[in-house]
Structures are given as structure tokens and as C-alpha cells.
Amino acid sequence: MSIFLKYILSIIIFFPLLSAFILVFVNKKAEGLLRNLATILSFAEFVISLFLFIYFKSNTYEFQFIERFSWIREFGASYFLGIDGVSLFMILLTTLMTFVSLLSSYKYIKDHVKEFVILMLVLETFMLGTFASLDVLLFYLFWEFMLIPMYFIIGMWGSGRRIYSAVKFILYTLAGSLIMLFGLITIFILHYEQTGDFTFNLLKLYNTNIPLTLQIVLFIAIFLGFAVKVPVFPFHTWLPDAHTEAPTAGSVILAGVLLKFGVYGFFRFAIPLMPEAALILTPIILVLAVISIIYGALVSIVQKDLKRLVAFSSVSHMGFIMLGLFAMTAVSVDGSVLQMINHGISTGALFLFVGMLYERRHTRLIADFGGLAKKAPILAALFMIAVLSSVGLPGLNGFVGEFLILVGSFKQYTIFTIFATSGIIFAAVYLLWMFQRVMFQDITNQKNEDFKDMTFREIMTVLPLILLMFFIGLYPDVFLSRINPTVVHFVNIIEHNKYAYNLIKAKMGLFNA
Amino acid sequence: MNSKDLIVWLIPFFPLLGAILWGVFGKYLKNYSGYLGSLFIVISFILSTVIFFMVAYGHGFTSTLYPWIDASYFKVNVSTTIDRLSVVMLVMVTGISALVHIYSIGYMKDDKGFARYFSYLNLFVFSMIMLIMANNFLMLYVFWEAVGLCSYVLIGFWYEKKSAVEAGKKAFIVNRIGDFGFALGVMLIFITIGTLNYSTVFSDIHTLPPYLITTIALLLLAGAVGKSAQFPLYVWLPDAMEGPTPVSALIHAATMVTAGVYLIARCHVIFSYSPDASDVVLIIGGTTAFIAAFIAMTQFDIKRIIAYSTISQIGYMFMAVGIGSYAAGMFHLLSHAIFKGLLFLTAGSVMHGMSGELDLRKMGGLYSKMKKTAITFIVGGLALSGIPPFSGFFSKDAILASLFNKGDYFFWVIGELVAFMTAFYIFRLIFNVFFGESHVDKNLHVHESPNIMTIPLIILACFAAVFGFIGMPPFNHSIFYNFINKDFANSFNFAPAINNYPWYLLSAVSVIAGLTGIYTAYVFYIKKSFDLEKLKSKFKPIYDLSYNKLYVDEIYDFVIVSPVKNFSIFLWRVVDTIFIDGAVNGIAQWISVTSSKVRKVQNGMLMSYLFTLTLGVIALLAYYFVK
Amino acid sequence: MDALFYIFSIIAIFSALMVILVKNPLTSALYVVLCFFALAGFYILLNMQFLAAMQILVYAGAIIVLIVLVIMLLNLAKAKDTIKDFHQLSVGIISVLLLFVEIILYLNTAGETKPTGIYTNAVINKIGNTQIIGQFLFTKYVFPFEVASILLLVAVIGAYIFAKK
Amino acid sequence: MNVNVNVNDYLAVASIIFCIGALGVLIRKNLITIFLSLELMFNAANLGFVAVSEYLNLISGDIFVIFIMVVAAAEAAILLGIAIAFYREKGAISMDKANELKF
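Protein chains in written order, with this note's numbering: chain A, 1 to 513; chain B, 1 to 627; chain C, 1 to 165; chain D, 1 to 103.
The shape of chain A in the complex, shown without the other chains (with noise of 0.2 Å):
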């Protein structure tokens, strides 16, 4: 046991490629075989990263589970690993949404299905080495080797455009990466200017001293890496492509895992690297998320197609996270982790009930869809659930993080707060509108009068999400002892910071206007 929790991140992260590996074994024909082979490997793989869960301990923001050996030794690069209560619950999602989205594909993928389970695998390893990574390599090959996947999930199974979207995915993505890169080499080369130590350690990297020009270089750099991911108006136009034309699991992964990486590298990456340009760029940045809010929120209104309502709401939601975030008091930043974990399970469950719908009828126009109500009432009542999940409803997941962001935001940014806040109303027209139109009224189109109900294996595919939902809205304490002491480091860092910029601040008489 003990080697087993000594080297537990490890397992965990190379337990899906060890299973995709399997797989390259098994018969392209059984189909089926393949396809429970998957699930059960997903499945395990979630228990065993429960094991994180369960030997967490929650009183410490010290980084837990490391692992490190020397890996490159001529670039400093090391094979450092390591979580703390963030990526623990990010790590989580993953294995979670793996599984679920593995379970969901039954149906939907058809053809070269041993591709496809095996691909989720791998990308599943490499969602998971860049949340355990601490090295910023380490953390950058599996940052980009996670782009593989999807391309090839979104260009091979994909619908309609997925070519030109699966391009635009990974064009976006890798010219912000690039950019990112170049930022991560800076400062690892000043670290070395510095301290004579050629090492790629994050931690070490953190007392990298960055004159404040420089360093609003490259977080602008290392922002337009991130910010692309996230994504953050204006560099969002990939996602509605991305998820529109990504079969359901593609779109599940992307809004449940991929997007929370811009997020993740702002908190582990951005800002602790350079608090001073963090703080200064904050109120820009702070505008561009509540652009993200309203503008994200007023697009999925007039949308159309099912799944671009869902990706525009995404686009808001991710707005909400980025203003708690940026706003950078333990509260808002609890809620934004917290948040992040909402918007993975509650779009994730949007995402698959979406695509329910669309194997059921092969389209994802609202305008065909109406009076499923009556024929499905089981998909029904736990669509509404996910839906007023993600419209904020107190008692369900998706309120808990959103208060938490506006009322730890409304004190610096109170105006900010306010427009952000007037996202909730918008939430609720566009999600309930869609609802109304999609399963509300009688039936219009024929083509609706034999829609066949949830089957077991549909529901117990969102059934871990929506009980996940009323877990985290009920009682988000499990979640919250666990984050709050990584959070409230993270905050003390910055106000250490704060400390020094309000220095440098009356030194230059930056805004003194």
C-alpha cells in the first residue's frame, strides 16, 4: 500500500495508457468488447485516483503525492509531480468525465471504434500529467501532446465542418501555446541568470525575480496561451466550432476538462510567476471576463443549434470563473475553483443530454425538437436538473461557486460585479428558453412522436453528474476544506505581492490619474 500511495500519481496518470495499450491488442471486430473494455478501464482508473481523495490531506497547501526523478538532465527538466487541492479536484473531473464520456459513446461512435476508445485513453493520460506536472516541461509536452487527441476525436468522428473545426481547434490552441512557450523559456533563463541553477522546477521558478516591463511581456505572452484555452472574448471563436462539430464525448472532455487548463495555468502557471503584471493587467483582464459573461450570455440567446447555445454558455461561464480568479480574495477564488468543477460536471451533463437528443433525431436544431416532455419524462426531469444547474439554481451545484465568485469579487470590483451578476439573468432566459422550446408545447415535428426515453445505460451515465450536482450544492464543504487552504496560500502570495506593487506602483505613479 504504501508503495502504491508513494508512487500513486504515477499509476494513475499511465493507468489509461497501459489500458489503451491493452486494447491495441484486442480485436478491431469486437466492437463491443472494446467498448466495455474501456468503460471498465475508465472505471478503474476512477477508483483507484478516489485513492488521491480519500489520502488527501485537507489541512495543508503543501504539494502532496510528489514524485521526482531526474529526466533531462542537460535542460534541468525533472519528472516532477505533485498535487495540492486544486489539481486534486481537477484530476478528479477527468477521470470522471473520462469514464462518462467513454460511457456515453456507445451509441454515437460507430465506426473505428477501437481508435476511438484508445485515443480518449491516451488523452485522458495526458490531461492528467499536465494537472500532476510541477515541472514546467514536463508540464508543457503533456500540454501539447493533449492537442493530438482531440484533433484527431474532433476530425475523425466529428459532424459536419469538423475538418475546418478540429483545424481551427489546434491552430488556435498551438499559436497560443507557442506564445506561451516562449514566455516559460524567459523565465526559466532568467532563473538561471539569476541563481546559476538550470532547473525547469516550478516551485523553484516561483522566486524568479522579473523586472515588472518584463514580466508584463511575458504574462501578456503567457495570458494569450491561457486565455485561448479558457477561452476569454475575444480569442473564444474555436469553441463554439470545436464543440459543435466534436461528437458528444469530444464536446464532454473539451467543456468538462480541456477548458479548465487555461484556468489551471493562470492559477499554477501566471499569476504566482508574475503577481506584479498580474495585478497590474487585472482590470483589463477583469473586462475581457465580464465581457466573456454578458457577451457569451446575450450570443447563446439567439443561437440556434443546440450544441452552440451549450459551447456560448460555456464561454460565459468560464467568464465567471476568470472574474473570480482575477479578483484574487480567498472567497472569489474558492469559488472559482469550486466553479470550475461545476462547469465541468454541469456542461458536461448539457453536452451529453445534448447529445442524446441529436442520436436520437440526427440534428441539433432547437426549431426541430419540442414536446419531448411528453415522450421522454425521465430525460426530461434530468435535463431540467442540468439545466438549472447551470442556470445558478441555490441548491444545486452551479450557485454555490457563483456566489462565492460575486460576493468575493464585489468589494474591489464592485461595478464589475454588478454587470457580472446581470450574467445570471441571461443564464436563465437563454437555458430556459432552450429548455421550453426543446422539451416543452406539443409536439410540431412527427419525426418527434416515437422519441424513445433514457435507456439504463443513458442514465447512469448522468446520474454520477446530476448526484454530483445536488452533492456540491448541498454541501460543498467536502470540496471547499479541501481547496480553501491551497486557495488561501495562493491569495497570501499575491497580497505578499500586492505589498510590492503598491511600492512600485507609487514609485513609477502608475494610475495615479
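Rather than coming from a laboratory, the hints here were simulated on the basis of the structure.
One or more hints might be untrue.
Unchecked claim - Heads up, simulated DMTMM-like pairs for lysine to aspartate or glutamate below, C-alpha to C-alpha not over 20 Å straight-line:
no. : chain 1 : residue 1 : chain 2 : residue 2
1   : B       : K597      : D       : E100
2   : C       : K164      : D       : E89
3   : B       : K27       : B       : D83
4   : B       : K442      : B       : D531
5   : B       : K27       : A       : D453
6   : A       : K411      : B       : D204
7   : A       : K374      : B       : D359
Given the coordinates of chain A, assemble chains B, C and D onto it according to the supplied hints.
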């Protein structure tokens, strides 16, 4: 957990249990859901009564279940506050809910969604109980939204009907607009006071500068205005009548819509520190009372008339709490809950007998066919019109008297005017439905409702008749005032009464106003001394204004809804597709065009490659020399 | 000795020029052989008799013979190649002149380097140049030597695959 | 041994031959002639290696020449293949015909 706590937590537990049972296992428990659901509420009612007497002969207390959110300096528990204000509300809510549940067994008997209906209704009762019992603003907000949700699903209960679904959505969204202010208010309280617990907030609020107190009060008021359907956010309530009638009785008359008044009464400390905000409450209340009564006079849909009446009556309550007569406001809230619940239920009974007909032009002379319903309806109508000895008289009089005694003559006049209009429209309804010649479709078999529906009506009618006596004038010596005002001891900052006219003079004016209204209706609709059509054409602009509900929906649509929608389309089609995607695709286009030009260098000719190679070598060497 | 250097130089440069100027590839090949002989002469002057022998045996004897074989095989002796393309000619001459100027400039700017090694002519003569090359080839440079042999193998296979139908 | 001719003279001759080779590569179109010109360039480099190696009293340069010869031999073998294949394809070995070397 001692017995007190246990009882307190059992009150919401039963409705919640019911909601989950019917919600999840509705298919199998369909036949039991009505009776068992009602039983659960009755148990809650009994427990509430127990708590009521515990508090009446003892003290209020708080009880904590578990810590809910604990994020660094933001801590909120799931806990309740039990005091005189909340127990009164508890007894009222559970009592009326129990009656509405029993009534619904009959009313919804043949509906497909029987179990679903009781699940929603139980969920609503749970949320409402929690709203009342909450001991911090966050829980208040949470269940404030939760009752809104229940209202949404119950309005849209018959989801095949487009109008029902639209109405539900409208209710939810309009409420959200109010809640937007409410949420900001809650946040402002947190960041200024540092906690959301009632007791701390109320004891520390005076340390804030006045403008902050006013801001907080106004933001909370926004939530109250939305939920209680006050001007300018009242538009959702008339549409909400698309839901089943017992729902209208319970949610949209007796309990949820009065939550705004409860909120202001609960936060009376905040409002009493902010005279400006209180004045706003008063003005909103007066405006709403008048506008709603004005619209109600010309409507033909019986449920909508009663709905506008509800809006108007809540306007009264707002006026009361606006001048600091919280006890009077609460008293009217309770008596209104009884007689308005009664009116809706009887209207439902009429609908039931008339196979869902709502237009009063197609009724008439029903008295002989449904006596129980008619009599109970008239009792409710008399109570609404403020005719002694029915409850509405006492409670409305308490408000009007305090308006007059505080010197707010303008609003007193409005109040009396509204009293006249109220009596007019409700008796216009009664005369048209129950008396006069019948316009009922000949094929329609009109019948009295079953006992399971009429018994709750009779119980409510009895209460509507006698409830008022606990608020015998003079109001500030009455039983109710003495009971509840202990909780309002903190409210001050309001000028003491400047008039001290004998109560019977003021009461006489109100009664005269009410009787005049009834008589006018009698003259118009029974005696028909005037040609109504002529009257209509004479006052056509005013009549049209009233008949078309002041065009408020159209104005909102023109000023808010369409611009937002068009702006959204602009954002999507222009900003997103043309600007941002245009820029992105433009860059891609530029690269592809440029490279297709540049690639001409790569012409496939080996010889030219060799030249390039040589030139490269030359350039490299040249670089060496330059360097 | 100096006289020999100049004679070899004249032969080498002349034959090199002829290589690129004559029309018949076969004649070109023969001039190349001539040029290689001159270079072998240089090597002897530079005290590397072994390399001189290799130059004649491997280059002139094997590689050029191979080329001649190709010319014969494809019957290319008649495929006269003229230099008529003025543009190509002018650009070629200009760029090569530039290249030449740069090489000369480079050689002139490169700083003076003092002899550093221990293998003076005396030492080489004492051990014998074949022997010394063999020693180096099989000790210090044994790995590149093996790689070179693999390269040859690859080239043989490659040539076979190319020439195959 | 001789005082007048030094390493610079050898390098000058090497450069001249190298440039003549380069010129041949650039102005001729016949694959065979180009190859021969390339061989000239190789040998110019070889001469440079040997001369400098002698001047510096080293052996490495001489060893390098042997490896260059190996490469040249390999190249000749490949050329044989390419020339035959090219001729078979195009019916000539003029490099004007090599105009499809693009994507």
C-alpha cells in the same frame, strides 16, 4: 438535537420527503401521492402549531443543522430562526398548504401528472417553510429562488400549452430580475457587515453610513418587488394564472407572492434605518395598489381579475410596511392569504364545474347550481371588499388607519379609492358569475364540486369570516398586534402617529367606500341602470388603457426585450462571425495566399535549387564578414 | 619541388576547367582523371603517399570508371551538352566569382595558426604514413570507420533499388 | 623542404578548383558533368584537408580524406542508380528535365 430542534426540522422534512417520493417513484405511488402528500403537510401543520405555542408561551430560538459553505472568511450554516414572525407565517403557510393539498386531490383527480403535481407542490411547501425559517440571508436567497423555481414548474405544469410554458418562463425571468437586486443586496450586506446571519446583521446595521443602508434596503426591495409582483415587475403574476388553480391559490395568492412583504418585515431593522427606502416602499405599494385595481376593473378572465386583485392587495401591504406599520402589514398578509386563497379555490371550483371556462361573459346565474361555492365565494368577496365583520375589513382598516394617523393623507386617499375599486371589481365578478341571466353554454353540464373540494372552501370561509377579530380595532390594542409586535420592537425611526381620530370614524369611511363599490357594481350589472356600452365609448381612452393593462407588456417588449434580442443577434452575426472570426479567418487567408505566392520560389527545377543553395552559402559567408 | 607544385597546379586547374567546358561527358570524365592525377601529385608533395595511391586507385580507378560505365551504358557520349543559356551562365559566373572572393577573403582574414600536432613529416616518415593512417583508422576512428562501411552498404542497396525497375 | 610553396598556396589552388567545380555545377545541365564537377569540389576540399593537416602536423585531416572518398564512392553508386532511373523516366539526363521537385 433536543426535541425543539427535532420538531423544527421535521416541519420541512415531511414536505421534502413527499417531494422526493412522488418525484422519483411517482409512477408507482400515483394513487397515494395525493392523500399521503396532504397527510405530510397536515403533519407539518400540526408541528407548526406546536412550535407556535412553544414560541407564544416561551421564546424564539435558533437551530443549526450543519455548516453549509465554509470558504475562508465566508461562512454560512444551514440553520433556522424561530420567532414570532416566523411561527405566524409557518402556521399560515402549512395550514393553507394543507387545505390546498386536500382540495387538489379533487381538482387534479384525472390529471396525468397527478404524482408530479404533488411532488412539485410538496417541494414548494418545503421551500416556503425553509424561506420562512431561514436565519441568514443566503438561505433566504436560496429558498427565495427555490420557491421561484417551484412557481416556474407549477405555472408551466401543463407544458403542452404554449401559453403556460411562456408564462412560467416569464415568471422565472422577471423574478430573476428582482433577484438580481436581491443577490447584490445580500453581497453588499456581507461585505459591509461581514456575515449574513440575521441577528448580527440587524444589530450591526446602524454602524453603516446611511447611504449604504439605503442601498442595501433598495436592493432587497428589488427582490421583494419581483417576488411580490409589485410595480414595475408585476407583469408575470397575471400570466401565472395559466397554472392549475390550486397553485394560483397557494403560491400566487397566499404564500409565495407575499414573501416580499415578509422579507421587508423580516428586515424591518434595515428599513427603519432608511426612511428613504421606506418611502420608496410606500410609493411602490400605493402605485401598484392603484394600477392593479384599475386594470382589474375591466378584465373578463376571472382568475386574472383575482390575480390583479392580489397585486393590488399586496400593494396595500407594501404601503403598510412602507410607513412602518409592520404589524398591520403582516396582519393583512395573513387575512389576505385566507380570503384570497379562498377566492382562488372557489374560482377553481367554478372552473371545475364549468369544465375550465374562465370568461365571465360566458357565465351568470350559477348561484343556484353551485350554492356552496357561491356562498363561500361571496364570503371571500366581502372579506376582500372590507365589509365588517369579515377579516379583510379589520386588516385593511388597520393599514388605512395607520396611513391616516401617520399623516400620509395622499396615500390614505389612494387607499380608500382602491378600496372602492376593489369592492367594485370583485362584485362585478360575483354578479356576473353567480347572478343575473345565464350565458352558459347550453351543452355544458354545470355541477357542484365534490366534497373533498368544498370542505376546504368552507373551512377557509369560516376563517375568512372570523379571523379578523384577533385584530379588532383599535389595532394597536388588539391580540395580534400585541403578539407580533414584540418582534418589531426594534423598528423605530418612524414619526409617531400625529393623528388620533377615533378608529370608528376611519372605519366608517372605509366601509362606505366598500359599500359604494358594491352598490356601483350592483347598479351596473344587476339593475343595469346605465348602458354600459355607452359608458365605455364615453371613457374609451381610460377603458382601453385599463382593458389593455396599461400596455405594460408591449412597452417592456419594445423597450427591453426586442433591443436585447436584436443586440444579441448583432453580437453573434456581426461581432462574432464578422469581426472576430473574420480576423481569425482573415489571418489564415492571408497566410495561405501569401504562401501560395511564396511557394512559386519552389518551382521544382533542380537547377534553381542549386542556385539557391549557392546563394545561401554566399550569404552565410557574407554574414560572417559583416559580423 | 616548387616547380613540381606549379606544374601540378597548372595541370589541375587546366583539367578542371576542361571538365566543365568540354561538351562530351566522356571527355569530361577523362579530364577529371587527369585532374585527379595532378592532385595525387600534390599528395605526394605533401608527404602522403598512401593518399596519393588511394586517390588513383579509388577515385580514378573505381569511381570514374563507374561514371564512364554509366555514360557507356546510357549511351550518353553523343548527348552533347552545350552551355547556351546565357542567364544561367551569367548568374553562375557572378555567384561563383562572389564565392571565390569570399573564400579568398576568408583565407586572408583567418588568423595565423601555429602547428599544434606532433606528427611532423619526420615522425610520419619514421613510422610510415600508411601505418600511421591505419593506426588511427582502427583505434581512434574505428567507430566512424564502421559507420562508413555501413554507408557503403546502404549506398549499394540504394543504388540497386534505384536502378531496379 | 621547400620555402616558397606553403600551405596558403595549396589552399589557393584548392579554392580555385573548388570554384571551378561550383561553376560547373551551376552552368552545366548534364547530370554526369554536374557529378564530375561535384567530384572536383570534393577533391578541392580534400586537397585543403591534406595541406592543412600537413601544416599543423596532424593526421586527422588525412583520415577525413579517406572518409570523404568513402562518401564519394557511395555517392557514385547512388548516382548510378539515379541516373539510370532518371534516364528511364525522362529519356535524357539533362537537369532541365528535373522540374518536378516540388510538392
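So if I understand the rule, the pair passes when the alpha-carbon distance is 20 Å or less; does B/K27 with B/D83 pass?
violated, 40 Å
Take the C-alpha atoms of B/K597 and D/E100, compute the straight-line distance between them, and say whether it is at most 20 Å.
holds, 18 Å
Restraint status (C-alpha distance of B/K27 to A/D453 at most 20 Å):
Roughly 15 Å separates the two Cα atoms, so the pair holds.
With a cut-off of 20 Å on the C-alpha distance, tell me whether C/K164 and D/E89 pass.
holds, 12 Å
Restraint status (C-alpha distance of A/K374 to B/D359 at most 20 Å)
violated, 29 Å
Are the Cα positions of B/K442 and B/D531 separated by 20 Å at most?
violated, 27 Å
Verify the proposed pairing of A/K411 with B/D204, using a straight-line Cα cut of 20 Å.
holds, 18 Å
In summary, the numbered hints that this structure violates are 3, 4, 7.
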